[in-house]
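Protein sequences, first through last, are from chains A and B.
Numbering that gives the first Met the number 0 puts the first residue of the first sequence at 0, with every later residue one more than the last.
Numbering that gives the first Met the number 0 puts the first residue of the second sequence at 0, with every later residue one more than the last.
Rather than coming from a laboratory, the hints here were simulated on the basis of the structure.
For clarity, every value in this text was computed on a predicted model and none was experimentally measured.
Only true hints are included.
List of simulated lysine-lysine pairs, DSS-like, C-alpha gap at most 27 Å:
| hint | chain 1 | residue 1 | chain 2 | residue 2 |
| --- | --- | --- | --- | --- |
| 1 | A | Lys-327 | B | Lys-135 |
| 2 | B | Lys-220 | B | Lys-25 |
| 3 | A | Lys-328 | B | Lys-135 |
Partial list, computed: chain A residues near chain B (C-beta under 8 Å):
| hint | residue |
| --- | --- |
| 4 | Pro-90 |
| 5 | Leu-212 |
| 6 | Cys-213 |
| 7 | Trp-215 |
| 8 | Asn-218 |
| 9 | Met-222 |
| 10 | Gly-223 |
| 11 | Arg-225 |
| 12 | Gly-231 |
| 13 | Leu-232 |
| 14 | Asn-233 |
| 15 | Gly-275 |
| 16 | Asn-279 |
Cβ-Cβ distance ranges computed for the label pairs, FRET-style:
| hint | chain 1 | residue 1 | chain 2 | residue 2 | range |
| --- | --- | --- | --- | --- | --- |
| 17 | B | Gly-110 | A | Asn-147 | 21 to 31 Å |
| 18 | B | Leu-85 | A | Pro-38 | 56 to 66 Å |
| 19 | A | Tyr-324 | B | Ser-66 | 50 to 60 Å |
| 20 | B | Ile-118 | A | Ser-49 | 56 to 66 Å |
| 21 | A | Leu-30 | B | Ile-118 | 42 to 52 Å |
| 22 | B | Glu-115 | A | Leu-22 | 27 to 37 Å |
For each residue, glycine too, the CB sits at the ideal point set by N, CA and C.
These are the residues of each chain, in order.
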Amino acid sequence: MKILNKNKRMPLWLNILLIVVPLFCVIISLLAGRYFISPLEVWKTLFSPSFGEAPTTVVMELRLPRSLAAAFVGASLAVSGAAYQGVFRNPLVNSSLLGVSQGAGFGASLAIVALGGGAVLYPCSFIFAVMAVGLSILAGRIAKSNTNVTLILGGTIVSAFFGALTSILKYMADPYSQLPSITFWFMGSFASVGSIHLVAIIPMVIGMGLIFLCRWKINVLSMGDREAATLGLNTGFYKLLLIGGATLCTTAAVCISGVIGWVGLVIPHIGRMLVGNDNNRLIPVSISLGAAFMVIIDILARNLTASELPIGILTALVGTPFFVYLLKKTKGGVWR
Amino acid sequence: MSVLLEAKDLACNYGRHNVFHDMNFKIHSGEIFCLLGPNGCGKTTLLDCVLGLNFPSSGDVLLDGVSVSQYRRYNLAQKIAFVPQLHQASFPYTVREVVLMGRAAYTSTFGSPTEEDDIACEAALQKVGMLSYADKPYHNLSGGELKLVLLARAIGQKAPLLLLDEPTAHLDFRNELLFLEMMITLCREEGIALLMATHSPDQAFFMEEKGLNVTAAMYAKGTICYIGKPSEIITPDTIQDVYGVRARISMENNDDGTVSRKISLLHTV
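Bound-form chain B, shown alone (with noise of 0.2 Å):
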């Protein structure tokens, strides 16, 4: 497996204050890379590191070996695609007009999509169950189809590195289910990887179940305390540690053999 992304001594500073530091990490193709930690941690703040939104104030983030500041905007959206938390709808375009923009990074300077575009656009809205919504105004969306729009709009841009910011905060059982698997399909059928902040450790658990290659990063204290497979290393230990709450993992067999690894929380410590 090739090394998509690496953080090197990743550190970031907002004025003094320190947001995190000795940040090291790798990605690798068809990886999925969960990052835990409490609010306010700075998970935002990485992610915007990676996207070249943000500055680190020392070390890197390397994307295939070079500098994500070396990037042309277009050449890093041809990378890296990103499934924003929260999406402030400012006209009601259509779902359709809005997966096209995921094709901005292969349009030319002054152009507008083509033909092959449209033909990306409804394969994206395809995938993700929507295509029948293509010509629907979007903010009439509920937020479980808004969130599929978005991701069939990064799958658009055909990165090979998906950044998901919270991906299933605000989503139902069946809608958080249904876009879990959805990544999980996207890993597994077109090697994409995916970095993803997230507050639910259960989700880095039934991804490994699932069988893909799941990595886990906790962190706390404005840098990683714990990296590992997921099984491995979120711990109720670890979990007091990271986000001081005492909690219980319970493990079930399933009928396939598998295991299935549950959190309960007791209390806060």
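Only chain A is shown next, with the shape it has when bound in the complex (with noise of 0.2 Å):
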């Protein structure tokens, strides 16, 4: 099943498929709703949108900045879960690893009860966020030895202790408003997603162009910090712009689309089988098929029923079975 065997570069029809694939799911993504516009008349609003209109209006102020939010929030939490697994040495680690999901779920309860939710919402979750994982690594430096485990408690008990917190507030939240939109935001939606939010996307850009341009080295990063350092690399440089990066996109993630778990972890897992565990190829396939998978994923929690289904549910839903048949298909492919 896995698709590469040589270790040649990269091939020039995955690097356009890893291109068209996310795009096509995109243009797909224009055309699926409630709604019916004809792909003409996306085509039209697309390249000469007439605004005012309920067909622009749809494609371009709704479908089309979801989408992309989608887009980028699937590529962003997917490339940094391979960045993390890599860096961490640690196959099980996913995206929210420093804390960053619990950090902005509580910013976003708090802004929800005390500050009555809204566009309050975003630069709250996004604090908190920073601060859990600035707390995460402090919490890390205490015990100065093996810094990669200490990393991960820090960020376990950081993750703890913002729960507690989180729960605090839905304890103290009006249950029949504030509550339900806390416990939404764990479940992760892009329902509420406008052109504005799509500011998000330049840390995303960012965050996932810092791992881009240190892929290779997570190889060797993976070796363990020793080894790493006698093979030639300046370990400290690599693992501050990989898990700066890494942090950064997670957490501009999480603040548009609340918790969305399930894709930092699985998403990498995915792109080993089918190409194995060379990062070099890896992160350029995490964060297209990311992308892809977050923007299905959306079209059918739109479309699934007549309501919105929460994210969350889906890609738990969804994934599993595609891991599980992935896992079947390729005997635990390079896991053996």
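Using the hints, build the complex out of the two chains.
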């Protein structure tokens, strides 16, 4: 099932595929929805939008921003998951490793309970997500021994701490308006995304760019700090760029979509089964797969039922059987 | 012969505990330097000082006359390659991908290996006889094969000095011999110097008998006690002094007129 066996550089067809597949998914997402718009009309609104008319409003102000947000969030979560797995030499870690999700979740809950929700939710969740990562790193620093393990431990501790704080807020929240909002935020959704939220694409692109630039160095880092250093790598420098980049794009992603589990863990593994463990290939493949997967999931979320389904439910429901299928098909693939 | 590496009055402490002190030795290019000593005497710490992973509390390690602490990581890796004793596999990379990591010191800041690195990697695999394994996952290899792959990775680094931490630990007879022969070829054909920490004085004898420039340093009580040609300094008395065991060194005359030395252990003291 592995589609590449020889260690050749990224072949051209794969490069093209990696760009075409997510783009194709985004185009499908423009067509899909309760309000019917023909492909021809979508084409027209994209290249000569007539603002004020219904099709243009639906495509340009609702479906396109939402679809782009989904693509970038999916790509960010998947690629940061892949980067964390490599840097921490642990195939079980995911993109919310350093407490990003719980930190952002607490920030969002605080905004909902104390500040009435609305636009303030985004900066608020961002601030607390960054704070959680900072605290994780500080907690990891207290024990000076094995920084990789202590950093993961720090993330776990801080996640638990912010989880508890969120529980306090849930306990205090109005059970008819605020509590559902908090619960839904933790399930993830792109329903409230508008053009304004596409600002978050900037940090996501920067973060992904850093990971992309250092992608081959992840291979070397995954040999462990000692070996990576003797192989000639300035481990501190690359870990800073990679962990910083992964944290930046995860934080931005979580802030606009809420908590979306599973993607950051499993998309990298699907990538490993398809193209192997070389991060030179795995990183671009994770970006592309993550984007395509999330756009498809968002199409399903919008269209499966009369009301919207939370994203987090679908990523697990669709992702799990697909992962099991791949596991069977590849017989554990490279994990034997 | 030019001096490649020099340890000058090297000392290292862990907190208050002194690991070693007054270490002085020189390694010339093409020389095999065997570091012999009991468990826990600080061989690995010494190797870490040479690799710039650990900082000596006093003294210095000079590489080509410049302190290793002055080197940038990639510069150092171009001069010293390291074959670790234990290697924990993380992800199931292919053998080729692992050996390519030896080229990290030659890739640009944000670069990946190039065609040139591919060629160096395949040449290194060829040299250790593992080219046919290039596209196999490396975590399925046996201990001996894994060691050869790690050696290939170090060869790909194209460094004039190779550091080995107990290179033949856990290897069976054939693999041990294969590995020794491989190192001898490297010294002979490429003029690479070896600094190896080992538990087996027999290996020092073996390489000396193959006509290489071997220096043995017996290391106990925190410093080098005996240093010189293996056949001269490894004696029953020095073995008793360093390891606390009584041993006999038997000599056998080979057909070609050379003498093979072998150590037989008698009892602990």
